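2 protein chains.
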Amino acid sequence: MRLLIDMDGVIADFEGEFLRRWRNLYPGKKYVPLEERRGFWLREQYPEEYQDLVQEIYHSPGFYQNLPPVSGAIEAVKEISESLNNVFLCTSPMIPKYENCVLEKYHWVYENLGGDWINKIIVTKDKTVVRGDVLIDDMPEITGSMKPEWEHILYDQPYNRNIKNRKRLTWNNWKQILNL
Amino acid sequence: MRLLIDMDGVIADFEGEFLRRWRNLYPGKKYVPLEERRGFWLREQYPEEYQDLVQEIYHSPGFYQNLPPVSGAIEAVKEISESLNNVFLCTSPMIPKYENCVLEKYHWVYENLGGDWINKIIVTKDKTVVRGDVLIDDMPEITGSMKPEWEHILYDQPYNRNIKNRKRLTWNNWKQILNL
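So the sequences go chain by chain: A and B. For the record, in the first sequence the residue sitting at position 140 is 173 according to my numbering, with numbers rising by one throughout. For the record, in the second sequence the residue sitting at position 8 is 41 according to my numbering, with numbers rising by one throughout.
If you are wondering where the hints come from, they were derived from the structure by calculation, not from laboratory data. There may be inaccurate statements among the hints.
Copies of one chain are not kept apart here, so a pair can be met inside one copy or by any two copies together.
[To be verified] The calculated lysine-lysine pairs, modelled on DSSO-like cross-linking and capped at a C-alpha distance of 27 Å, are: (1) 130 to 158; (2) 62 to 197; (3) 158 to 111; (4) 158 to 180; (5) 111 to 62.
As the structure is a prediction and not an experimental result, all values here were calculated from the model.
Working from the sequences, and respecting the hints, build out all of it.
Structure, rendered in C-alpha cells:
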C-alpha cells in the first residue's frame, strides 16, 4: 500500500496552535473551542470583523514551523513507515500567502520527524496528480485536475463531522482503519 | 496530454547563473564554460579544492530566486499552457540544504510566470509519484519509488549529451518534439 498523509490538521495541529495564539493575543475576544468548530475554514466561523486578525495569525512567520504535532501522530507515522515502504507527506501550500508556510513545512518535518523525511514531502496544490492508494486528509472534498487514484480516508476532526458515511481515521484507530 | 516541466536547467538557468557568479567572485580561478560541461553534477567537474566554494554559490540566499529564465522558456511554457490544460512544474528541492531553494522556487515562479502558476508547482524529491504523460527534465536518469507513468523527454544540455538515443527537447524545437 502506498500511503499519502496530509500535514495540517492531520499530523500538525493547526487549529490547536491557532487557538492558543488567538486566546493569548486577544484574551477578551470570542473564540471557537475545537469541539465547536464547524466547517473546514476556521476563518469563516469567526465574526467578519475578526477575520483579518484570524488570518494574520496563521500567515505570521513561525506559525507553521511551531505547530505542535497532533497527539499520537509522530509515533503513528513512524510506526506506519516501518511496515510500509511508501509513505509520503502530501501537503498544499497556503495560496496566495505561501511565503511562510512552504519553507516552514520543511522545517517542521525536519524537526518533528527527522531529516530523512524531507525526501518524503510532496508540496502541491492539486493532490489528484499524486499517485497513491490512500490519502489521509482532514479536508472533506479534495478535487483537482484528475480523478484521484487514491481512496480518501477522512482524518476525523470536529469541523468535518458534518460529512456522513465516510471512513474516519484518528491516530487511535489507524491500525484498524488501514488494516495494518 | 498532461505535461510536467522541471525547473532548474529547463526553465531556470542554474548553470548560467552559477557561472556568472563564479567568474564574478573568483575572476582568477578556472571555470568550466557551459559548452564544456560534462556530467550532470556541476560541482564534480571542478577541482576538489574548489568544490566547497562551488556549493556555497548555489546554497546562498537569493541564488534560486534570481536565476534568469532559460532563453525562450517563459514564452514557450505560456504558449504550451494555452494548448494544454494540464501543465505542471515538477521540481525537486536541494537536499539536505533545502533552506533557500524551496521558498525561492515559489518566488521565482511568481515573478517569472505569474501568481496563477503557484498552483502548478509540485515540489517532490521523488518525481515517479507524480502522474503525467510527459516529463521534460535535464537529468538523464530519474528514479524513485515507482515505475514512472510519464515518458521522460530530456531537455538538451551540454552536460547530458553523453546520453544517446533519447528524445531531446529545447525551447526551439518543442512544438515538433511534443507534436503541438
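Results of checking the hints against the structure:
In this assembly of identical chains, residue 130 and residue 158 lie within 27 Å of each other by CA distance both inside one copy and across copies; the values are 13 Å within and 23 Å between. Proximity of residue 62 and residue 197 under a CA criterion of 27 Å is satisfied in neither setting, with 32 Å inside one chain copy and 67 Å between copies. Both within a single protomer and between protomers do residue 158 and residue 111 lie at most 27 Å apart by alpha-carbon distance, with minima of 25 Å and 19 Å respectively. Taking CA atoms no more than 27 Å apart as the test, residue 158 paired with residue 180 passes in both settings, with 15 Å inside one copy and 23 Å between copies.
Taking the shortest Cα distances, residue 111 and residue 62 never come within 27 Å of each other, neither inside one copy (39 Å) nor across copies (47 Å).
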